[in-house]
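Once you've looked at the hints, dock chain B against the given chain A.
Number of protein chains: 2
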Amino acid sequence: MKVERLKINYRTLEEFKKFHEHGLEELSMYEDLRANLVEDSSSSPFYGVYEDGKLVARMSLYPIDARFDRYFSPPRDHFELWKLEVLPGYKGRGFGRALVQYGQSLGEPIKTNVRYGAQDFFTKLGFEPVKYDPNRDRGENPYVWIPATEDQSYEPTR
Amino acid sequence: MKVERLKINYRTLEEFKKFHEHGLEELSMYEDLRANLVEDSSSSPFYGVYEDGKLVARMSLYPIDARFDRYFSPPRDHFELWKLEVLPGYKGRGFGRALVQYGQSLGEPIKTNVRYGAQDFFTKLGFEPVKYDPNRDRGENPYVWIPATEDQSYEPTR
Chain A
5 MKVERLKINY RTLEEFKKFH EHGLEELSMY EDLRANLVED SSSSPFYGVY EDGKLVARMS
65 LYPIDARFDR YFSPPRDHFE LWKLEVLPGY KGRGFGRALV QYGQSLGEPI KTNVRYGAQD
125 FFTKLGFEPV KYDPNRDRGE NPYVWIPATE DQSYEPTR
Chain B
5 MKVERLKINY RTLEEFKKFH EHGLEELSMY EDLRANLVED SSSSPFYGVY EDGKLVARMS
65 LYPIDARFDR YFSPPRDHFE LWKLEVLPGY KGRGFGRALV QYGQSLGEPI KTNVRYGAQD
125 FFTKLGFEPV KYDPNRDRGE NPYVWIPATE DQSYEPTR
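Heads up: the sequence lines are chains A and B, in that order.
Mind the numbering: the first sequence is residues 5 to 162 in my numbering, read in order.
Mind the numbering: the second sequence is residues 5 to 162 in my numbering, read in order.
Accuracy of the hints is not assured; some may be wrong.
One copy or any two copies: either way a pair holds, since identical chains are not told apart in the list.
Each computed DSSO-like pair below joins lysine-lysine, with the alpha-carbon atoms no more than 30 Å apart [said to hold, decoys possible]:
#1 K95 x K22
#2 K128 x K22
#3 K21 x K95
#4 K135 x K6
#5 K22 x K6
#6 K135 x K21
#7 K135 x K11
Rather than coming from a laboratory, the hints here were simulated on the basis of the structure.
Only chain A is shown next, with the shape it has when bound in the complex:
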């Protein structure tokens, strides 16, 4: 199972249409391509797994600069993980886990918003719920992961 960083091009965007979480972000990517605002081969925040030439799982990882960090103390560079999704018919085969573990291999902490039903999946991968802050979280379910080898002074704010 090979996780790869997805290039922004028409072929990738066609594959994205099969995914449930398809919205303004993908529309905006189409517009950027049409307006030649991006190179066909630009890298994107998306990572995915192909099987037999078909994109069957994807996630996005947005690098967050420490200046905008609201989850770690002291503030630090990290990734926000969104849009983790495995196509129907491909679930239960480890595609989602492979994607998250790939993100974890990049060496930075990760924050994600865990959907109902996915808590166990993320806690098995070492994520922990943060202490809920109504002003910051506004209904989200933030979970964070920090690399195990790190200095213990980097504790999530909880």
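For chain B alone, coordinates are given in the frame of chain A:
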């Protein structure tokens, strides 16, 4: 159909358990109640509709101070709408619409993150998609609504 602001108490939190989007926020409310950090009758960000004594629909509205506004230009106080949800068996009867319209009656603009499949619901209520900004939106689908009677200089950033 009467929309009411929900009080934070054990009864309300028990009703919340029937809803799909149930997570850290609700757990935190329980903890606050147990620790006597809130009055039983405290008001909450939640609004809901009861039928025959049962909570059948809810949403949350978080007041955002203009200082933290990232969606309107010039920045202004507004609401973020989250967790709009109607229980199975009660869909298609206008509960969701009544909740959003109640929010619109409060006189401030509203920003929400529209889920896949709910675009038509929100555009019929006057919401419009914003121009997607990858650094701000990170995979969200932000839609905004501004009161129709307002000075036209308050345009959403798009």
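For each hint, the structure was consulted:
no., hint, verdict
1, K95 x K22, "both (14 Å within a copy, 26 Å between copies)"
2, K128 x K22, "both (28 Å within a copy, 25 Å between copies)"
3, K21 x K95, "both (18 Å within a copy, 27 Å between copies)"
4, K135 x K6, "neither (34 Å within a copy, 34 Å between copies)"
5, K22 x K6, "within (20 Å within a copy, 39 Å between copies)"
6, K135 x K21, "between (35 Å within a copy, 20 Å between copies)"
7, K135 x K11, "between (36 Å within a copy, 22 Å between copies)"
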